[in-house]
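Student: The working numbering numbers the first residue of the sequence shown as 1 and each following residue consecutively.
None of these hints come from the bench; they were simulated from the model.
Quick caveat: nothing in here was measured; it's all calculated off a predicted structure.
The C-beta atom is built at its ideal place from N, Cα and C for all residues, glycine as well.
Heads up, a few of these hints could be off.
Unchecked claim - Between beta-carbon pairs, the in silico distance windows are:
(1) Q373 / V126: 12 to 22 Å
(2) E102 / G15: 17 to 27 Å
(3) H13 / L96: 22 to 32 Å
(4) V216 / R434: 29 to 39 Å
(5) V201 / G342: 34 to 44 Å
(6) I439 / S233: 21 to 31 Å
What the hints assert, rightly or not - Calculated pairs, PhoX-like style, for lysine-lysine (alpha carbon to alpha carbon, straight line, at most 25 Å):
(7) K363 / K145
(8) K200 / K145
(9) K207 / K148
(10) K270 / K97
(11) K166 / K384
(12) K145 / K207
(13) K145 / K385
(14) K148 / K200
(15) K166 / K385
(16) K148 / K362
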Amino acid sequence: AAADLDAEWGAFHPGIRGNITSNSDGSPVSTDPFSGARPPASVVETDSVSLGLGGRTPIGTTYSISGFSQNRRGTFNGFSDNYYSFGGLEVTQPLLKDFGFEANLAGVRLAAASHDSARWRYRASVMNTVTRVINAYLELDFANKRLKTAETSRGLAQSLLDENIKRARAGDLSQADVISARSRVAAREEAILIAERGVKVAENELKRLISDDTSVALLSRQLVIAEPPAFPSHTPNPATEFEPALERRPDYQQALIDVERTDITRRLRKNQLLPQLDLVGSLGYNGLDTNSGTSWDSVRKRDSRSYSLGAVVSIPLTFATERGRYRSARLAQQQAELALSGIEQDIVVDMGNAASQIETAKKRVDVSEHSYQLAVQNLDAELKKLRAGTGNTFFVLTQQEVLANTQIAVDRAQTDLQRSLAEYDRQMGITLERHGISIEGDEEASF
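Whole structure, please, built from the sequences with the hints as guidance.
Tutor: Laid out in structure tokens, this is it:
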């Protein structure tokens, strides 16, 4: 996009143009009707050299500062050198169509808008990637906690099995209780295997996002992560945070730029509806001599002035092409404005959904933590009943599983709360600022 912008500005850079030609033109002469002889052919030889500097300005003026020299000789003058020289300025200024900054800088403004849009698009890509990394990190942390919970649950079942074996040997417990405990230990071994696979999958997903390694060795590397820091406590308020979000949401800013681009195109097409009326003029000096240097001396001394001033008019009979292009540009602008309104509504809904997700996650954390405390108390009560001879192994094992499930629910709720806070940051467009990430050129783009 930056290269396109440079290219558009390059259209206003002056250029040098030179030309060298040599020409010989022989014209046959008719046979003399009286003598029947054919005179020699008439020959004209012309050598021309020109060099000039020209270009176009942002208001549409085209200019050329040039020098021209021509040596014209032939049978008409005995092939004597005859140098005609000219040096001067030629200018063409549109007065209606193609006049002014709006018409001539449209390409530059469109390229600048595309450049800004590309920067916002890149910013959106970085924000989405950072959010994905955060989510992958949180999911790996949750998978590690789930594995730890599975191992703890297996440890509880193993402790109960060991205790049941001792009591069965003492005759205080039946073999059925031992078998029941042993089967649950085996089942929880399976849960550990499943949890270990979950850790591996979560690891690979995080590796995919943070590593550029494409070799198989990537799979064998183990990731050891620290417990993620808690996000700052935040009570979302979409009503007051909507306007600031618009200023930083890449999708909204891109839609604004689309409206700007279509408006630039519409104004350009409107200008093209005007007739072509160009003011043309030139001012220079001529020189003529049998010597090239003397001819140019006449130009430099401004002995013979030459000037012209006039107008060129071109008016299509129907303007059908121009009207069609203008209507198309106007419809494109209306579509861009409708798309902008739709994105505004999407942002309102997305922010509302993200805010409600945070509130729900907070409530889930409170409820799951309370459930976990109750599960701890219930397990302790069932163990006491079993040891007192009024309970049974089945209820203890069941309560152990309830405890493990409530612990997983606590971890899941906490992870979802962190994810919902990260998502709300993304909806607000502040993900990069939240994590101290800057993109080169942000200041120029006024992010």
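Student: All hints are to be evaluated individually against the structure, with a verdict given for each.
Tutor: Status of the hints after comparison with the structure:
Roughly 42 Å separates the CB atoms of Q373 and V126, a value that falls outside the hinted 12 to 22 Å. Separation of E102 from G15 is about 24 Å and conforms to the stated range, judged on CB atoms against 17 to 27 Å. One distance hint, 22 to 32 Å for the beta-carbon pair H13 and L96, holds here, with the actual separation near 26 Å. Taking 29 to 39 Å as the suggested C-beta distance range, the pair V216 and R434 conforms, at roughly 35 Å.
Under the hint 34 to 44 Å, the C-beta atoms of V201 and G342, about 37 Å apart, fit the expected range. Here the CB-CB span from I439 to S233 is close to 28 Å, well matched to the stated 21 to 31 Å. Between the alpha carbons of K363 and K145 the distance comes to roughly 21 Å, so the proposed pair stays at or under 25 Å and holds. Between K200 and K145 the CA atoms are separated by roughly 13 Å; this keeps the pair inside 25 Å, and the hint holds.
As the CA atoms of K207 and K148 are separated by approximately 21 Å, the hinted pair is consistent with the 25 Å bound. Between K270 and K97 the alpha-carbon distance is near 9 Å, which keeps this suggested pair within the 25 Å criterion. In summary, the hint linking K166 to K384 is supported, as the alpha carbons are separated by about 16 Å, within the 25 Å threshold. The suggested pairing of K145 with K207 holds, with an alpha-carbon distance near 19 Å, which does not exceed 25 Å.
A distance of roughly 30 Å separates the Cα atoms of K145 and K385; the hinted pair therefore is violated under the 25 Å criterion. Between K148 and K200, the direct Cα distance comes to roughly 14 Å. Compliance with the 25 Å bound is thereby established for this hinted pair. A C-alpha spacing of about 17 Å is found between K166 and K385, which places the hinted pair at or below 25 Å, so the restraint holds. For the given pair, K148 sits about 23 Å from K362 by alpha-carbon distance, which is consistent with the 25 Å threshold.
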